[in-house]
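Position chain B against the provided structure of chain A, taking the given hints into account.
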Amino acid sequence: MKKFFEIFLGILTAFGGFVDIGDLVANAETGARFGMGLAWVVVIGVIGIVLYAEMSGRVAAISGRPVFDVIRERLGARIALIDLVASLLINVLTVAAEIGGLALVIQLATDLNYLLWVPLTAAAVWIVIWKVRFSVMEKVFGITGLLLVVTAVALWRLDPDWGRLLSDAASVGPPATENWATYLFFAVALIGAAMTPYEVFFFSSGAVEEHWTRRDLMVNRANVYLGFPLGGLLSLAIMAGAAVVLEPRGIDADHLSQMALPVAVGLGRIGLAILYVGMFAAIFSAALETSLSAGYTVAQFYGWQWGKYVRPREASRFHLVVLLSIVVAVGLVLTTIDPIKLTEYSIVLSAAALPLTYFPILVVANDPSYVGESTNSRLTNAVGFVYLVLLLVVSIATIPLMIWTRAGA
Amino acid sequence: MRLAGFLGRSIVDRSGRELGAIHDVRLVKDGPPIGSFGASYRVHSLIAASPSIGVRLGLHREELKGPWPLKAIFRRVHAGIVTVHWNRVWSIEEDLVRLRSVLRTDEREVGLEDDPMGGTIMDAGLQLLDRQVVDVEGRMAGKVDDLDLEYSGEPGAPPRVAAILLGPGALAPRTAGRLGEWIAAVYGRVAEEPHPNAISFGVVKRIDNHVELMLPRDDLGIMGLEDWVRTHVISKIPGS
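Going line by line, the protein sequences match chains A and B. Last residue of the first sequence? That's 409 in the working numbering, and every number before it is there in order. Last residue of the second sequence? That's 1240 in the working numbering, and every number before it is there in order.
The following block holds chain A by itself, in its conformation from the complex (with noise of 0.2 Å):
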């Protein structure tokens, strides 16, 4: 009973803490520019990201080896440190975009400027990081999180014409106002989003700070086989919402009050609220993952000690690390640069990235000497690689595409 209970809270858990600010802001913007029609690629990215999750969170439960150990053992210490500079390039440029966001979502609900609420959100980002236990906090803030179910309860009001949302996500290619380039750039950015690395760090490092064995991969599938497609879903809630509301009206969704429009269309002021608490509690746990994954990362490339089931002095320069990366991160909101437009580069960068860190992973899955009996199936094989070669083609597409299509522009 207690176990089937802290599998149904893992769920919970990851559903709720799937989506950030990169996914409201990717799913939002490419719903209100191109209706369902990259709804497919949301799903594509949702595949990926469970086939990885899962197994880095099985190499780490059986060899308690995390995605940074395992990049460094694989790739040697010089390509291994090119990857930390470039994921912690990503990672503080992430951090800076949850932070910018949570201080958005509060100007959104008080009217404040959000400049005002930068220092005050990364305060209380660190606070819990220092106090509060992993688990608890993990849980606290994913399961209010699942507030934004909100978003799809307020498409089922809306009351769209279905036949016509799963018609468009059944058709491949741009709508008639838009060309190939910015689609396929949308499709990267989504791509980017939902795999977005920092995930398997904080994932595989979460499995560790929470002494995962053998015994806990029944957890560990529970999690991302159920967890995140019904994050999943939400994504593409918040797309299809957008293609309702949005994209018939010619409204392009630059600013997070435009992306709460469907709510606030289906639901009045009532659902308005809640998903305001639901984006708060989502990038909030978003922005706690992002800071630790700098801290996880960077440690694990070094082999000192870090994670949170140690006192902080115990970790000291993994605490430093943390602290430092929120400290940059806030310096970087505070020169005014919008929240959105820098969620935007996180994740169009970690598009680019991804092939780095998804790589050793597969490879070490597939490694009896760290996994025992339990390497991958040849269907997990089949799939992984086929999604290698894709993350390849997206991180060699994505530099170019961005330089052509100036950002989406």
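Hint data in this document are derived by calculation from the structure and do not stem from the laboratory. Errors might be hidden in some of the hints.
Claimed, not checked - Okay, the calculated bits of chain A under chain B, using three or more residues with CB under 8 Å as the criterion:
| # | region |
| --- | --- |
| 1 | 71-83 |
| 2 | 304-311 |
| 3 | 377-383 |
Backbone N, C-alpha and C fix where the C-beta goes; we use that ideal spot for every residue, glycine too.
For chain B alone, coordinates are given in the frame of chain A:
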């Protein structure tokens, strides 16, 4: 001598024909005893191949289960792996290792038959380098940034693994080329000891997916940076 000094170095036979670059150093646990670790790991052979990718990934090993396209590619690439016993090495020069005899072009295993291996075999680059070091209390103490290989015992005997090297003095030269050598040199001047931090292999308890030590990390004299950050930053924050 450091392990990383071998990796990537080219290897040529007596006639000067290049066999490829050294990708790994095979060790066997039957060297002269070291501390409580028992028999030490000593160098058995050098593993060379060209081109270079893939060995560190372990993709050439039979036991790896897939994915098959990767295995197939790397099996072809590594059909040319040459394993040369240590006693066939003639000289270790600036950027190459020279062998004492001329090899046939199809020779894949050179001099291995005269050395019956009496203990556990390990490929240092694949199974030891870059692994996590964990102390007796389960606290993390750094990575195996490099290995110190030393000659011991009778003349002509192969070098053995004497110590794990870690910290900037060991890692920087491996990662950043010239800049790294410079960092290591600066570190050597700034640090109290001119050499990189070292942990004797005599206090290694077990080698698994990580290297487990018999001592707490604070007794090893390698936690300088961690201690500094704790004293000057972290312990000043309430609740640390």
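Tested hints:
no.: 1; hint: 71-83; verdict: holds (count 9)
no.: 2; hint: 304-311; verdict: holds (count 5)
no.: 3; hint: 377-383; verdict: holds (count 3)
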